[in-house]
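> Listed below are the residues making up each chain.
Number of protein chains: 2
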Amino acid sequence: MYSVVMAGGSGTRFWPASRQARPKQLLALTGKRSLLQQTVDRMAPLTPADRVLVVTGAHHAAPVIEQLPQVPAAQIIAEPMARNTAAAAGLAAAWVAKNDPSAVCLVLPADHLITDETLFLDTLRRAAEIASSGDCLVTLGLNPRYPATGFGYIEAGDMISQDPPPVFEVKAFHEKPDLATAQSYLESGRHMWNSGMFAWRAEVLLAEIKRFIPELAGGLDELTPDLGTDRQAEALARVYPKLPKISVDNGVLEKSDSIRVIEADFGWSDVGSWDAMAELWPSDRADNAAQAGKLLAIDASGNLVSAGHRLTALLGVDNLVAVVTDDVLLILPRERCQDVRQVIDTLKANGLDEYL
Amino acid sequence: MYSVVMAGGSGTRFWPASRQARPKQLLALTGKRSLLQQTVDRMAPLTPADRVLVVTGAHHAAPVIEQLPQVPAAQIIAEPMARNTAAAAGLAAAWVAKNDPSAVCLVLPADHLITDETLFLDTLRRAAEIASSGDCLVTLGLNPRYPATGFGYIEAGDMISQDPPPVFEVKAFHEKPDLATAQSYLESGRHMWNSGMFAWRAEVLLAEIKRFIPELAGGLDELTPDLGTDRQAEALARVYPKLPKISVDNGVLEKSDSIRVIEADFGWSDVGSWDAMAELWPSDRADNAAQAGKLLAIDASGNLVSAGHRLTALLGVDNLVAVVTDDVLLILPRERCQDVRQVIDTLKANGLDEYL
Numbered sequence: 025m026y027s028v029v030m031a032g033g034s035g036t037r038f039w040p041a042s043r044q045a046r047p048k049q050l051l052a053l054t055g056k057r058s059l060l061q062q063t064v065d066r067m068a069p070l071t072p073a074d075r076v077l078v079v080t081g082a083h084h085a086a087p088v089i090e091q092l093p094q095v096p097a098a099q100i101i102a103e104p105m106a107r108n109t110a111a112a113a114g115l116a117a118a119w120v121a122k123n124d125p126s127a128v129c130l131v132l133p134a135d136h137l138i139t140d141e142t143l144f145l146d147t148l149r150r151a152a153e154i155a156s157s158g159d160c161l162v163t164l165g166l167n168p169r170y171p172a173t174g175f176g177y178i179e180a181g182d183m184i185s186q187d188p189p190p191v192f193e194v195k196a197f198h199e200k201p202d203l204a205t206a207q208s209y210l211e212s213g214r215h216m217w218n219s220g221m222f223a224w225r226a227e228v229l230l231a232e233i234k235r236f237i238p239e240l241a242g243g244l245d246e247l248t249p250d251l252g253t254d255r256q257a258e259a260l261a262r263v264y265p266k267l268p269k270i271s272v273d274n275g276v277l278e279k280s281d282s283i284r285v286i287e288a289d290f291g292w293s294d295v296g297s298w299d300a301m302a303e304l305w306p307s308d309r310a311d312n313a314a315q316a317g318k319l320l321a322i323d324a325s326g327n328l329v330s331a332g333h334r335l336t337a338l339l340g341v342d343n344l345v346a347v348v349t350d351d352v353l354l355i356l357p358r359e360r361c362q363d364v365r366q367v368i369d370t371l372k373a374n375g376l377d378e379y380l
Numbered sequence: 025m026y027s028v029v030m031a032g033g034s035g036t037r038f039w040p041a042s043r044q045a046r047p048k049q050l051l052a053l054t055g056k057r058s059l060l061q062q063t064v065d066r067m068a069p070l071t072p073a074d075r076v077l078v079v080t081g082a083h084h085a086a087p088v089i090e091q092l093p094q095v096p097a098a099q100i101i102a103e104p105m106a107r108n109t110a111a112a113a114g115l116a117a118a119w120v121a122k123n124d125p126s127a128v129c130l131v132l133p134a135d136h137l138i139t140d141e142t143l144f145l146d147t148l149r150r151a152a153e154i155a156s157s158g159d160c161l162v163t164l165g166l167n168p169r170y171p172a173t174g175f176g177y178i179e180a181g182d183m184i185s186q187d188p189p190p191v192f193e194v195k196a197f198h199e200k201p202d203l204a205t206a207q208s209y210l211e212s213g214r215h216m217w218n219s220g221m222f223a224w225r226a227e228v229l230l231a232e233i234k235r236f237i238p239e240l241a242g243g244l245d246e247l248t249p250d251l252g253t254d255r256q257a258e259a260l261a262r263v264y265p266k267l268p269k270i271s272v273d274n275g276v277l278e279k280s281d282s283i284r285v286i287e288a289d290f291g292w293s294d295v296g297s298w299d300a301m302a303e304l305w306p307s308d309r310a311d312n313a314a315q316a317g318k319l320l321a322i323d324a325s326g327n328l329v330s331a332g333h334r335l336t337a338l339l340g341v342d343n344l345v346a347v348v349t350d351d352v353l354l355i356l357p358r359e360r361c362q363d364v365r366q367v368i369d370t371l372k373a374n375g376l377d378e379y380l
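Top line first, the protein sequences correspond to chains A and B.
With positions in the first sequence counted from 1, the corresponding number in my numbering is that position plus 24.
With positions in the second sequence counted from 1, the corresponding number in my numbering is that position plus 24.
Just to be clear, a hint being listed does not mean it is correct.
Each pair may be met inside one copy or between any two copies, as identical chains are not told apart.
Stated by the list, open to error - The calculated SDA-like cross-link candidates involving lysine to any residue, where the alpha carbons are at most 25 Å apart (straight line), are:
#: 1; residue 1: K318; residue 2: H333
#: 2; residue 1: K269; residue 2: Q99
#: 3; residue 1: K56; residue 2: D351
#: 4; residue 1: K372; residue 2: I322
#: 5; residue 1: K318; residue 2: P357
#: 6; residue 1: K56; residue 2: D350
#: 7; residue 1: K234; residue 2: A259
#: 8; residue 1: K318; residue 2: D377
#: 9; residue 1: K279; residue 2: P268
#: 10; residue 1: K318; residue 2: D363
#: 11; residue 1: K318; residue 2: S271
#: 12; residue 1: K318; residue 2: G375
#: 13; residue 1: K318; residue 2: D350
#: 14; residue 1: K318; residue 2: F236
#: 15; residue 1: K122; residue 2: G242
#: 16; residue 1: K318; residue 2: G332
#: 17; residue 1: K318; residue 2: I368
#: 18; residue 1: K56; residue 2: I138
#: 19; residue 1: K318; residue 2: D351
#: 20; residue 1: K234; residue 2: Q366
#: 21; residue 1: K318; residue 2: N374
Think of the hints as simulated: they come from the structure by calculation, not from any bench.
Could you build all of it, start to finish, from the sequences and the hints given here?
Written out as structure tokens, the structure reads:
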């Protein structure tokens, strides 16, 4: 069994903490360990460090290697360019299959937070069992807590096992819905958030890729002889540009008829924007939260502050986000956290690339 | 003629830029020169550096000497403790009188900004003429621009000279008024803001102090033999604790019948709080102003930012003040700038003295 950590994200919504050279998964947004380090730490009871594979972008390989000294450097695979998750998951499956085609891959995003680690591990163990014993692709579906419009949904079909965590067939995948649709999903009791966490045997994923994305399968076949050798980087540089850009959800899962969803309820956050930190940082009685440093609030509530080890004094302001880095100060209302992208676009438009 | 620069202020309203060890007059709030340096620079056409006397607190003497290398160190007089402006002005007058009792002292706060320097110098020249030729204390009254409740007012009496700048007798001094009273002062056309700028012959001030604050006069008499000698610091340490705490306005000017007020209109700001920087810092078309560094504002207006050389990104926020220093982040609405004192009080109450 292998953990496959997908560490290709850029995380622009955590600007200015996240930067092109320092994406979200490399940040210590909570505590002292980065999201990537926490992801690998969390898997240790299931997969020791020599059974961890990290797929990341070439320009992030160096900091990833630095943050994960316990993982053999050869198992940190640098994609020369982003080709979406089907290519990344397929590459990892090809790497694993070269050693052991029947090994289970537990595929995990590098930039998520989990509250209940015991239940998380139990759920993954169950997912691995199912993947190991049947020719199916197992997804982890999260019980929706609110009518989220920012996630895709998995619609459960017939129940296959009711032992907790329960397992279902999958009736359909749904793209990010509008609010009314999200509300109906929430009320249906049959829809779960698509977590981006999966379990499958390497050979099963590769077979499904061959069936549904033959162009990708051809590329992976071309790569396989060089994987794990000193020709790997050269082969990736040659083959990767030709690979199709498609997600594993769109390219494989939505088309396959061998999908299972396992119901997950282990306190999960995709840490999608600064606003998500409200629940994760230490806060005062007026819900002012600071990542670190002292906080002094007078007539102030609901603010989120990341200002390093500075003392933050807030006087008469509410529901703001403020972030101080070495070269940037950002201030915005919490309800506009999703619009940080606009700042990045404006920086680009003004040629201020040094701040990206 | 001497310039007497009163540099004893603490300027808590510019926290966290101003600190106990670095009060407002030592800060470069506009441009690269501190308010103190600008004050001394501005006087150069009237009084060369060897005719400048600075009265400051003992714990600020070192940075004052450092900021004013052109002023003889012996003319930077360190008060061992604050004893308000009557003592400071009296001490300077005693120092000057020891050399030349008839010399005119131009008394100036160290922490004000002047826009029209030519008119400022012309006004002071006129004030010096009047002080030099009559046994009177000359105050500079500023034409009120709005019904300020934060300043004392001087009520003009009969006009003595209508040559610009016009000179009047003084009918009364008024303490900081409430808003309705301030409005009536503004409409009267006879009330001016009390600027804290004065001109008088050293011997004239000392005579008035002897008449109205004999206890202070006694202390100054005790000090005089040691002023300008290597016994000065010791004498100040012995005598200063005994001096009465009273302002030159309350202690002398309000009681004297030899006061003149000269009407001043040279673009003055006491830079009383962060809010005052709106007119002084570079700003964009939406009235967002930054002391330094790039400013990127989206749906944001009327904000004031001091964040060193950082790029500041503002998204969807209005009329805020944000200040970043090495160890503090402060955010508040502009209309609460006067309440920064509350933050300082809270820091004290919580034993966070290192931030004062």
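> A separate judgement is required for each hint: does it hold in the structure or not?
Now the hints, each set against the structure:
1. For the identical chains of this complex, K318 and H333 are neighbours both inside a copy (7 Å) and across copies (23 Å), given an alpha-carbon limit of 25 Å.
2. When the C-alpha separation of K269 and Q99 is checked against a cutoff of 25 Å, the pair qualifies only within one copy, where the shortest distance is 23 Å, while the shortest distance between copies is 75 Å.
3. Taking identical chains as interchangeable, the C-alpha atoms of K56 and D351 lie at most 25 Å apart whether they share a chain (21 Å) or sit on different chains (20 Å).
4. In this assembly of identical chains, the alpha carbons of K372 and I322 lie at most 25 Å apart only when taken from different copies (14 Å versus 37 Å within one copy).
5. In this assembly of identical chains, the alpha carbons of K318 and P357 lie at most 25 Å apart whether taken from the same copy (21 Å) or from different copies (20 Å).
6. In the homo-oligomer, the alpha carbons of K56 and D350 lie at most 25 Å apart both inside one protomer (18 Å) and across protomers (21 Å), since each shortest distance falls under that limit.
7. For a Cα distance limit of 25 Å, the shortest separation of K234 from A259 inside one copy, 20 Å, qualifies, whereas the shortest one across copies, 95 Å, does not.
8. Taking identical chains as interchangeable, the C-alpha atoms of K318 and D377 lie at most 25 Å apart only when they sit on different chains, with a minimum of 13 Å there against 32 Å within one chain.
9. Taking the shortest alpha-carbon separations for K279 and P268, only the intra-copy value of 16 Å comes in at or below 25 Å, while the best inter-copy value is 90 Å.
10. Taking CA atoms no more than 25 Å apart as the test, K318 paired with D363 passes between copies only; the shortest distance there is 20 Å, against 27 Å inside one copy.
11. In this assembly of identical chains, the alpha carbons of K318 and S271 never lie at most 25 Å apart, being 42 Å within a copy and 38 Å across copies at closest.
12. Taking CA atoms no more than 25 Å apart as the test, K318 paired with G375 passes between copies only; the shortest distance there is 12 Å, against 35 Å inside one copy.
13. For the identical chains of this complex, K318 and D350 are neighbours both inside a copy (18 Å) and across copies (14 Å), given an alpha-carbon limit of 25 Å.
14. In this assembly of identical chains, the alpha carbons of K318 and F236 never lie at most 25 Å apart, being 54 Å within a copy and 50 Å across copies at closest.
15. Taking identical chains as interchangeable, the C-alpha atoms of K122 and G242 lie at most 25 Å apart only when both belong to the same chain, with a minimum of 15 Å there against 99 Å between chains.
16. In this assembly of identical chains, K318 and G332 lie within 25 Å of each other by CA distance both inside one copy and across copies; the values are 10 Å within and 21 Å between.
17. Taking CA atoms no more than 25 Å apart as the test, K318 paired with I368 passes between copies only; the shortest distance there is 14 Å, against 29 Å inside one copy.
18. Taking the shortest alpha-carbon separations for K56 and I138, only the intra-copy value of 15 Å comes in at or below 25 Å, while the best inter-copy value is 50 Å.
19. Taking the shortest Cα distances, K318 and D351 sit within 25 Å of each other both inside one copy (21 Å) and across copies (10 Å).
20. Taking the shortest alpha-carbon separations for K234 and Q366, neither the intra-copy value of 39 Å nor the inter-copy value of 68 Å comes in at or below 25 Å.
21. When the C-alpha separation of K318 and N374 is checked against a cutoff of 25 Å, the pair qualifies only between copies, where the shortest distance is 11 Å, while the shortest distance within a copy is 35 Å.
Consistency note: the structure conflicts with the earlier hints numbered 11, 14 and 20.
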